[in-house]
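Visitor: Given next are the chains, with one letter for each unit.
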Amino acid sequence: MTTSVAFEKARAEGRAALVGYLPAGYPSVDGSITALRAMVQAGVDVVEVGLPYSDPLIDGPVIQRAVDGALRAGTTTTDVLRVVEAVAATGAPAVVMSYWNPLGRYGAAAFARDLAAAGGSGVITPDLTPDADDAWLPAAREHGLDTVFLVAPSSTDERIAMTTASCRGFVYATSVMGVTGTRDQVSDAASVLVSRTRATTELPVAVGLGVSDAGQAAEIAAFADGVVVGSAFVRRMLEAPDEPAGAASVAELAGELAGGVRRR
Amino acid sequence: MDTTPGGGHVLAADRPGRFGPYGGRYVPEALVAALDELDREYAAAAQDPSFTAELDHLLTTYSGRPTPLTEAARFGAEAAHGARILLKREDLNHTGSHKINNVLGQALLTKRIGKQRVIAETGAGQHGVATATAAALMGLECVIYMGEEDTRRQALNVARMRLLGATVIPVSTGSRTLKDAINEALRDWVTNVETTNYVFGTVAGPHPFPTLVRDLQRIIGVEARQQVLDLTGRLPDAVAACVGGGSNAIGIFHAFLDDADVALYGFEAGGDGVATGRHAATITAGSPGVLHGARSYLLQDEMGQTIESHSISAGLDYPGVGPEHSWLKDTGRAAYEPVDDAEAMEAFRVLCRTEGIIPAIESSHALAGARRLGERLGKQHGPGAVILVNLSGRGDKDVDTAAKWFGIMDESGEVRA
Ligand SMILES: Cc1ncc(COP(=O)(O)O)c(C=O)c1O
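One line per chain: the protein sequences are B and U, in this order.
Numbered by this note's numbering, the letters in the first sequence go through residues 1 to 264 in order.
Numbered by this note's numbering, the letters in the second sequence go through residues 1001 to 1417 in order.
If you are wondering where the hints come from, they were derived from the structure by calculation, not from laboratory data.
Certain hints may be false.
Unchecked claim - Pulled a few chain U residues facing chain B out of the computed Cβ check, cut under 10 Å: (1) TYR1026; (2) PRO1028; (3) ALA1034; (4) LEU1156; (5) ASN1192; (6) GLU1194; (7) ASP1259; (8) SER1287.
Claimed, not checked - With the C-beta cut set under 7 Å, the calculated list includes, among others, these residues of chain U facing chain B: (9) ASP1188; (10) VAL1190; (11) GLN1305.
Quick caveat, the model's predicted, so the values are computed rather than measured.
Glycine included, C-beta positions come from ideal geometry on N, C-alpha and C.
Let the sequences and hints guide you as you build the complete structure.
Guide: Put into structure tokens, the structure is as follows:
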């Protein structure tokens, strides 16, 4: 399934899509596969597979800890592609979330080719805006990959238009100014940003950064096409005593959130 | 916009903030508005006579510019094969290093933009001290991020920052040094960008920092070039500077870019030796990639993960380098060589003993490089080569490290009998 089909399906059901993130390789490569599959079974529509990076500058302490663990365990870009392949085999679209340097190092064209071959749907690039580098877009287009760029509350209207024009699949709207991590409240900035983004594109708009429970998911589902949850899932993994417990805990949260996006 | 002499033709940037294939802006979209604002405000300020007059006034009456040029005659004769070693005394700036040149400009810019809070990263603590100083002077709230490892080896500077009213936040992620302090400062900035300006300490980072910081440090070379001419009647044969992120080096290099006969040398931290893998010799041993928002040489593994750097010098202990240096290296206009810990500390010792100047350990890398150049140039042209060295800072902050290195103090800090 492509990300577009997943968002359409959710829309047809009168709900928002649920997007779930975990970094590949934490606590092990197989452990992350098990947890991501459990997420899909429990109702996550689109999976974000994090590519671990040493300097994740828009991630808060929760994701940093898991990513550090994945790197210490020796997770490689090839491992990440293996995780994508295993997740895509469930039928859910899998997109990679990656900072630019590991992709640039692998080679934009080579990564696009190998990700497509692994069944991956696209890439979210948190530190790459469409105007930053000429290497990524042509490579992604050639292999039919979604290119998901971020828009932020501080983006000007011109930049939002420029960004969504380069997006494919969906647009990622960061609900607050800040780093990843759970927050107590959904910010007002999110709905404003979603309307500003919608004014420039027909693509689905997913909202992320800070969503932690079903109540918040429902609030966001009322105005956005997708709800992205990362740190809350990662926290479940960090707090679990072992891999099976982590997967079970992730599935439990996914179930609650899937209820949330249907509540609106 | 590049109005600096030499900027136009040596550095063919095809877009703003590019130095050949290096530089640029690889940042979260959330930061783009603030970087654009900084770029715009800086361009306007640079054209505004009242801004430049205020900066000049501070540089003169507060920091003590122009800094002198000191001929290190005994050092040259005894330790540099008879070369004439001319020290550009950035150590005599208020707060003890070249970092203040940049900070005064950026703090004025912060006020111009109307923000009340500044944040900064620091390695050796010199940039943190300079930022805390300017913040105190201008009534700005100040938060400094510093790797936990660095707060230990530069404890004196932590105390100085606190005395100046800044909050120092030790960073315990990653290698707990400068690289991680920058990550943490960028995270703060993304969160508080509406009220906060990031006073970046070197010529790395996303556009406009490499250009902005370079322009504010250019004064080092502009002064030094004239001072060397006045003293010797000619241009130097070589210019030597240490390279961490590269701000003191670019600052002294820039005025000489068009002087084809002046060789430019950047000395990187070789740590335990480049062959050991424990070093910070980014240009010597690294490869191009993206770190902290810009494309440049960096220390990375085959997967693109940053490799931790090592150096006795906290200010050079950084796995990246400013993009303009990468371009100067590729074009061949400047050359970069490693100097290991032991060689730097020997130069430190010799300068103390021959000139009565205790240099920063960072600057000692440039001094060690100058000794090497003295030997090389002496062989080529005979004695009397003129070597301009950027003495980027004073060594007070390093007394603890140096006293332990030379066995004056034991590991617990007790002075040996
Ligand atoms: C005295 C001194 N020299 C040099 C440096 C290195 O920085 P840069 O390469 O930007 O000049 C530092 C950094 O802390 C410093 O304190």
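Visitor: Could you run down the list of hints and mark each one as holding or not?
Guide: We went through each hint and held it up to the structure:
1. Below 10 Å, beta-carbon pairs count as interface contacts, and TYR1026 of chain U has one with chain B at about 5 Å; its hint therefore holds.
2. Of the supplied interface hints, the one on PRO1028 of chain U holds, with its beta-carbon coming within about 5 Å of a beta-carbon of chain B, less than 10 Å.
3. Hint status for ALA1034 of chain U relative to chain B: holds, with the closest Cβ pair at about 7 Å, below 10 Å.
4. Interface restraint check for LEU1156 of chain U: the shortest CB-CB distance to chain B comes to about 28 Å, outside 10 Å, so the restraint is violated.
5. Annotation: ASN1192 of chain U was flagged as interfacial toward chain B, and the flag holds, the nearest CB pair being 8 Å apart, inside 10 Å.
6. With 10 Å as the threshold, the beta carbon of GLU1194 of chain U comes within range of chain B, its nearest partner Cβ sitting at about 7 Å, so the hint holds.
7. At its closest, the beta carbon of ASP1259 of chain U sits 34 Å from a beta carbon of chain B; the interface hint therefore is violated under the 10 Å criterion.
8. Interface hint status for SER1287 of chain U: upheld, as the beta-carbon distance to the closest one in chain B is roughly 9 Å, under 10 Å.
9. A hinted interface residue such as ASP1188 of chain U counts as satisfied when its beta carbon comes closer than 7 Å to some beta carbon of chain B; here the least separation is about 9 Å, so the hint is violated.
10. Taking 7 Å as the C-beta cut-off, the interface hint given for VAL1190 of chain U holds, the closest approach to chain B being about 6 Å.
11. With its C-beta approaching chain B no nearer than about 4 Å, GLN1305 of chain U sits inside the 7 Å limit, and its interface hint holds.
The structure is inconsistent with the numbered hints 4, 7 and 9, although it conforms to all the rest.
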